Structures are given as structure tokens and as C-alpha cells.
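Enquirer: Sequence:
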Amino acid sequence: MYVQAFHFPRLAALFYAEFHPTLGPTVTYDVPEGALTSPDPHARLLDFDAVSEYVIPKPSAIGRLLTLTACGYKIVGYPMCLPGAHYPRNELRFNLVFVFSRHADTRSYEPVVQKMAETLRTLETEGGYLFEKAKKDRIRVLIEQIYEDLNSMRECLIPLDDKHTINLRLHPVLRQPPLVHDYDVPLLIVAEEGLELDTWDITARKIVQHIDGVQHVRGIAKTADVDEDKVRRLIRHLIYYGHAVLLDIFQFSNTYRVRKDIRVIVEDPQLQNECLAYITKTGFACHPFSRVLTLYSLLKPGITVRNWADENQPDLVGVDIRRMIAFGVANCFLHRIHTYPYLPAARRQRIPALLQRYLDGTHHYDEICVAVGHSRRELCDFLSKSVGYLELSR
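In case it helps, the UniProt record's numbering puts the sequence shown at residues 1 to 394.
Quick caveat, the hints were computed from the structure, so don't treat them as lab data.
Since the structure is predicted, the reported quantities are computational estimates derived from the model, not experimental observations.
Be a bit skeptical, because a hint or two may be false.
What follows is a set of in silico ranges between Cβ atoms, one per label pair, in the way DEER data are often shown [to be verified]:
{"no.": "1", "residue 1": "105", "residue 2": "258", "range": "18 to 26 Å"}
{"no.": "2", "residue 1": "126", "residue 2": "88", "range": "19 to 27 Å"}
{"no.": "3", "residue 1": "203", "residue 2": "394", "range": "56 to 64 Å"}
{"no.": "4", "residue 1": "267", "residue 2": "82", "range": "32 to 40 Å"}
{"no.": "5", "residue 1": "161", "residue 2": "273", "range": "51 to 59 Å"}
Heads up, simulated DMTMM-like pairs for lysine to aspartate or glutamate below, C-alpha to C-alpha not over 25 Å straight-line [to be verified]:
{"no.": "6", "residue 1": "206", "residue 2": "192"}
{"no.": "7", "residue 1": "133", "residue 2": "110"}
{"no.": "8", "residue 1": "133", "residue 2": "155"}
{"no.": "9", "residue 1": "58", "residue 2": "91"}
All C-beta atoms, glycine included, are put in the ideal place defined by N, C-alpha and C.
Taking the hints into account, I'd like the entire structure generated from these sequences.
Expert: Encoded structure:
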């Protein structure tokens with residue numbers, strides 16, 4: 001399965017601005033062309049006048065990474081100032097600004113923004129690329145290619161001349177992996193050959209062989225005959241390096257809802273294609289993604305997967321439902337709504353001791369079922385006979 005283990009935001013626009021000696025802050029080049037300079041104000045992506053004082057800021061903000069949310073977008077720049085007697089006003093102030101949707105996580109771009117600012121300074125001091133008219137137009141071509149390459153390949157390698165090459169690459173911001181519980185279901189998101197298993201110890205190889213996106217951690221430990229703690233540690237390692245994600249235990253009695261992160265797949269054609277390829281059964285043609293998106297949107301609180309599948313049976317022909325749910329959970333745009341059984345403290349004393357600690361409303365059925373070794377139906381049938389028994393969903 002392809003998963004956006006780290007989602008690189010898409011560049012909405014890229015523009016080069018500088019301080020003009022008579023006009024003040026101006027946009028010299030923008031990509032897409034007209035994004036900030038279109039004669040029609042309604043066609044512009046961003047109103048430059050509203051942000052110009054932050055794009056070409058006061059001296060105290062020069063040489064610093066600046067991030068601003070305005071006009072529905074997030075802009076990230078690193079304004080620079082070069083002194084020189086040959087410049088009007090004895091200085092050249094400029095900024096190459098990256099524009100994203102307002103909710104984008106732009107941390108992966110911050111080193112690139114700073115590197116490009118420093119690279120442009122070098123290009124100017126060593127070759128006059130920003131001030132000499134004969135060379136300046138090459139900056140327009142440069143930012144066009146940067147825009148295209150970073151959006152499509154997450155990297156770019158652009159030779160300018162014999163001395164200067166633009167070499168940029170986006171790197172994911174690695175986060176501390178989550179705690180791994182016995183009831184979590186790990187799923188590999190890279191092929192086993194990509195893990196270089198030959199260099200791993202025997203225990204690790206045994207564990208990986210049983211990670212199939214269906215078995216939970218305790219089940220993997222039992223099947224592989226490996227200590228549960230070792231399984232959890234290995235899975236955390238795989239998650240940290242972007243080789244695995246965690247799913248919930250899939251059952252048709254589960255309920256899900258769409259998260260606001262659904263916009264990630266709406267804005268990413270590659271992720272859409274990967275989704276269709278992953279969820280479509282062998283021998284069937286892929287559905288239009290718009291239909292799949294509609295199906296996802298119909299997953300709501302109070303509607304089990306079984307109910308949802310029955311109501312949308314014609315549109316689910318050729319779709320692997322388990323894989324469809326897994327793809328949404330793995331890519332963080334589907335949220336599992338868990339059910340937490342609750343029994344008042346006075347009533348808990350009348351049930352088996354093994355169950356008592358799990359019935360305070362903070363433990364969901366996946367956790368309890370794995371811990372005590374009974375199915376949800378068995379537990380529900382047993383607990384429903386107790387006075388004061390409640391189920392909380394969230």
C-alpha cells in the first residue's frame with residue numbers, strides 16, 4: 001500500500017519579490033504566472049499589497065525565516081539584504097516566497113526556503129544574477145522549474161552555469177512514533193525487499209513475516225512465538241522510519257467518520273490513484289475517484305460498516321471493503337469511532353475480576369477483547385445483563 005506517511009504540502013505558488021527604488025516592494029516573477037500579478041484582482045491567488053510589508057520587511061526581520069497566514073494562504077519566506085554601492089539606495093533587498101494552503105504543515109519546506117535565500121545571495125554576489133538585466137530573467141526560469149519539480153518529485157537539480165547548481169530535496173519531519181498496544185494492527189507500507197531483511201536478526205525477520213494488516217500485535221507475537229515487548233519495539237522502529245502504520249482491528253460492526261484531513265487526498269492526484277489501485281479487486285475496473293470519495297463521506301457515526309456496505313452495494317462492486325477502510329485509516333482521513341463500556345463501580349464488584357479494571361469508560365472493546373480473549377459479541381451479551389451498563393462512543 002502507498003501511504004503518505006509524511007505529507008509534503010503542495011506549492012500553491014512561488015514568487016520572487018524585491019524592493020524597487022521608486023515603487024517599493026514589488027513582485028518581479030511569480031509562478032503560476034499571474035498568481036500575484038494578474039491585471040484582474042479576482043484572478044490573483046494572493047493580494048500582494050496585504051502582505052508586502054512582511055515579504056520585504058524592516059531590517060530587524062532580515063535574515064530570518066518568516067511564516068504568515070493571510071488571504072487564505074500560508075506564505076513562507078527568508079528575506080535577504082545585500083549592501084553595495086552599485087545598488088540604488090546602496091542595498092538590494094529581496095525574498096523568494098513559497099505559498100501554500102493555509103492549513104499546510106510547512107516544516108519540511110523551511111530548510112529549502114532558507115537554502116534558496118542563501119543560494120540567491122551567492123548567485124548575486126558571485127554572478128550578478130539578481131541585479132544584472134542580462135542574467136536576471138534566468139531567475140524566472142529557475143523558479144518555474146523549482147515550482148514544477150518540488151511539486152512533482154519533491155526534489156530538483158538545476159544547473160545554472162559551470163559554477164552554480166540548484167540542488168534541493170524535501171525531507172520528512174520524523175516524529176516520535178506512537179505507543180504500540182497489543183490491540184493495534186500493524187501494516188507494512190513498503191515492500192519487504194525494501195526493508196533489507198537480510199541484515200536483520202532472526203527474531204525481527206520472524207515478526208515482519210506475520211505483519212499483514214490483519215493480525216493485531218498480540219496475535220503476531222503468538223503466531224511468531226516472540227515476546228510481545230519485542231514485537232512492539234520492532235513495530236515502533238518500523239513506524240519511525242516510515243515503513244509501517246497502525247490500523248484498528250477491522251470488523252463489519254465498526255463505525256468510522258471522515259476527518260478534516262480528507263482534503264489531503266482531495267488535493268493529491270497521486271494519492272487518489274494509489275487509493276483506487278489498492279482498493280480495487282483483481283479483474284475489476286477502478287471506479288471514478290469521485291465515487292470513492294462519496295462512499296468515504298457516507299461513513300458516519302451510528303452507521304456500521306455492514307450497514308454502509310448494504311446501503312451502497314451497487315457502488316461497492318469490485319471494491320475490497322477491508323482495504324478501503326484500511327487505506328483511509330492509514331492515510332489519516334478516516335477515524336475509527338470506538339465504543340467504551342462503562343459499569344458503575346458498585347456494580348463492577350459482581351463481575352469477574354479480570355474484567356473489572358476495563359469497565360470505567362476509558363477502555364474500548366478492541367483493547368478489552370484482546371486482553372481477555374473474548375469476542376465483542378460475547379462481552380456485550382455478558383455485560384448487557386448488568387444493571388447500569390452503558391456504552392460510550394468517541
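Enquirer: Residue 126 and residue 88, beta-carbon distance inside 19 to 27 Å?
Expert: Between residue 126 and residue 88, where Cβ atoms are some 21 Å apart, the hint holds.
Enquirer: Is residue 133 within 25 Å of residue 155, Cα to Cα?
Expert: violated, 28 Å
Enquirer: Quick one: are residue 161 and residue 273 within 51 to 59 Å, going by C-beta?
Expert: violated, 38 Å
Enquirer: Could you check the hint for me, namely that residue 105 and residue 258 are 18 to 26 Å apart, CB to CB?
Expert: holds, 19 Å
Enquirer: Mind checking the hinted window 56 to 64 Å against the Cβ distance between residue 203 and residue 394?
Expert: violated, 37 Å
Enquirer: Given the hinted pair residue 133 and residue 110, is their Cα-Cα distance within 25 Å?
Expert: Violated, because 29 Å separates the two Cα atoms, which is more than 25 Å.
Enquirer: Hint says 32 to 40 Å; check whether the CB-CB distance for residue 267 and residue 82 agrees.
Expert: holds, 37 Å
Enquirer: Holds or violated: are the alpha carbons of residue 58 and residue 91 at most 25 Å from each other?
Expert: Given that 25 Å is the threshold and the Cα spacing comes to 13 Å, the pair holds.
Enquirer: For the pair supplied as a hint, residue 206 and residue 192, confirm whether the alpha-carbon distance does not exceed 25 Å.
Expert: holds, 12 Å
Hint compliance for this structure: hints 3, 5, 7 and 8 are not met, and every other hint is.
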